[in-house]
Amino acid sequence: MKPRRPARIWIPLLLAGLASGILPGFEPKPMELPHEASPWPSVDQLLLPEIRTDHPALSQTDILIDVGHGGIDGGTVYGDILEKHINLAVARRTYEALRSSGYTVLLNRSEDYALSSDNHWLNSRSRHLKDLAQRSHLAQEVSPQVMISLHVNSAKHPSKRGALLIHQKSKESGKLALCLQEALNPIYGTTTEPIYGRSYYLLKHVKAPSVIVEMGYLTNAEDRLLLTDPASQQKIAEHIAAGVRTYLDVHAR
1 MKPRRPARIW IPLLLAGLAS GILPGFEPKP MELPHEASPW PSVDQLLLPE IRTDHPALSQ
61 TDILIDVGHG GIDGGTVYGD ILEKHINLAV ARRTYEALRS SGYTVLLNRS EDYALSSDNH
121 WLNSRSRHLK DLAQRSHLAQ EVSPQVMISL HVNSAKHPSK RGALLIHQKS KESGKLALCL
181 QEALNPIYGT TTEPIYGRSY YLLKHVKAPS VIVEMGYLTN AEDRLLLTDP ASQQKIAEHI
241 AAGVRTYLDV HAR
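Heads up: the sequence shown at position 245 corresponds to 245 in my numbering, and the numbers run straight through without jumps.
In case anyone wonders, no lab produced these hints; they're calculated from the structure. Glycine residues also receive a C-beta, built at the ideal position from the N, C-alpha and C atoms. Any given hint could be a false lead.
Ranges between beta-carbon positions, derived for each pair [unchecked claim]:
| id | residue 1 | residue 2 | range |
| --- | --- | --- | --- |
| 1 | Val250 | His157 | 32 to 42 angstroms |
| 2 | Leu225 | Lys171 | 17 to 27 angstroms |
| 3 | Gln140 | Ala221 | 36 to 46 angstroms |
| 4 | Gly102 | Pro230 | 43 to 53 angstroms |
| 5 | Ser159 | Ile195 | 16 to 26 angstroms |
Here are the simulated lysine to any residue pairs, SDA-like style, with alpha carbons at most 25 angstroms apart [claimed, not checked]:
| id | residue 1 | residue 2 |
| --- | --- | --- |
| 6 | Lys204 | Glu141 |
| 7 | Lys204 | Leu178 |
| 8 | Lys235 | Tyr78 |
| 9 | Lys160 | Glu141 |
| 10 | Lys235 | Glu96 |
| 11 | Lys160 | Ala231 |
| 12 | Lys156 | Ser199 |
Kindly produce the complete structure, drawing on both the sequences and the hints.
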């Protein structure tokens, strides 16, 4: 008999959408994000349509969206612009774009909080390590076809711009990264190629084909405008969704 999973580990997944009716009457107030044009859908809109024995949704997930940073961890900062808000805004839009294409999609956080606060199993004083470990553990529990981790980049030189895909050592992760890179490059007018992320904790500890999507440089004026403008966030999300669709529909068969 498999040991029971700690109850706390399901909290982010429930918020991201395990099954309708599992939280009757619960609907948090929409969180206001900087530069958001419209409120985030209600919990009922996020939840999957049904639940079955042993949570089969966890073994039937197409895409897990890892939303970088959150809570006390703001990520990259430029003035009063925080990476965590951009990651969440684009993740929400990407979630909807992929769901509208018929895929089963989960977010590992749908609000502004740190995943490290849910990690009570790792004996470490490092909040950063507990956050990363929680993200990878959730990915192992969900076992998606692919995982995309959304982030925003920064550089010493403000001229550096464009999306950058970082992949695992595996061939499938490389294919996923290339599909996403080719989908995103046209937005920025760049010809960037994906790179192997040898030292990235999340990429080393998740079995499913996974990539880190650096959606642009907050230190670049043109990228910054794209990353903070709602219409441009939607465009980025749609291109990310297109890249994922290309991989799942063509390469992952």
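Practice task
For the pair we were handed, lysine 235 and glutamate 96, check the Cα-Cα distance against 25 angstroms.
Solution key: 12 angstroms, holds
Problem - 32 to 42 angstroms as the expected CB spacing between histidine 157 and valine 250, which holds or is violated - result: Roughly 36 angstroms apart at Cβ, these two residues keep to the hinted range, so it holds.
Practice task
Given the hint that lysine 160 pairs with alanine 231, test it: the Cα-Cα distance must not exceed 25 angstroms.
Solution key: 22 angstroms, holds
Handout entry: Beta-carbon spacing of leucine 225 to lysine 171 - inside the hinted bounds 17 to 27 angstroms or not
Key = Given range 17 to 27 angstroms: violated, Cβ gap about 36 angstroms.
Practice task
Measure nothing beyond the straight line between the CA atoms of lysine 156 and serine 199; if it is 25 angstroms or shorter, mark the hint as holding.
Solution key: It holds: about 21 angstroms lies between the C-alpha atoms, which stays within 25 angstroms.
Practice task
Evaluate the given range 16 to 26 angstroms for the C-beta pair formed by serine 159 and isoleucine 195.
Solution key: With Cβ atoms ~19 angstroms apart, the hint holds.
Exercise for the section: Compare the distance between the alpha carbons of lysine 204 and glutamate 141 with 25 angstroms, and conclude whether the hinted pair is satisfied. Expected result: Holds, because 16 angstroms separates the two Cα atoms, which is no more than 25 angstroms.
Handout entry: Holds or violated: lysine 235 to tyrosine 78, with C-alpha atoms at most 25 angstroms apart
Key = Judged against 25 angstroms, a Cα distance of about 22 angstroms means the pair holds.
Practice task
Go ahead and decide if the range 36 to 46 angstroms is satisfied by the Cβ distance of glutamine 140 to alanine 221.
Solution key: Given a distance of about 39 angstroms, which is inside 36 to 46 angstroms, the answer is holds.
Practice task
Would you check the hint for lysine 204 and leucine 178, treating anything up to 25 angstroms between C-alpha atoms as holding?
Solution key: 18 angstroms, holds
Handout entry: Range hint compliance [Cβ, glycine 102 to proline 230, 43 to 53 angstroms]
Key = Once the Cβ atoms are compared, 25 angstroms apart, the range 43 to 53 angstroms for proline 230 and glycine 102 is violated.
Practice task
Mind checking the alpha carbons of lysine 160 and glutamate 141 for me, to see if they're no more than 25 angstroms apart?
Solution key: 37 angstroms, violated
Going down the numbered hints, you'll see the structure goes against 2, 4 and 9, while the others check out.
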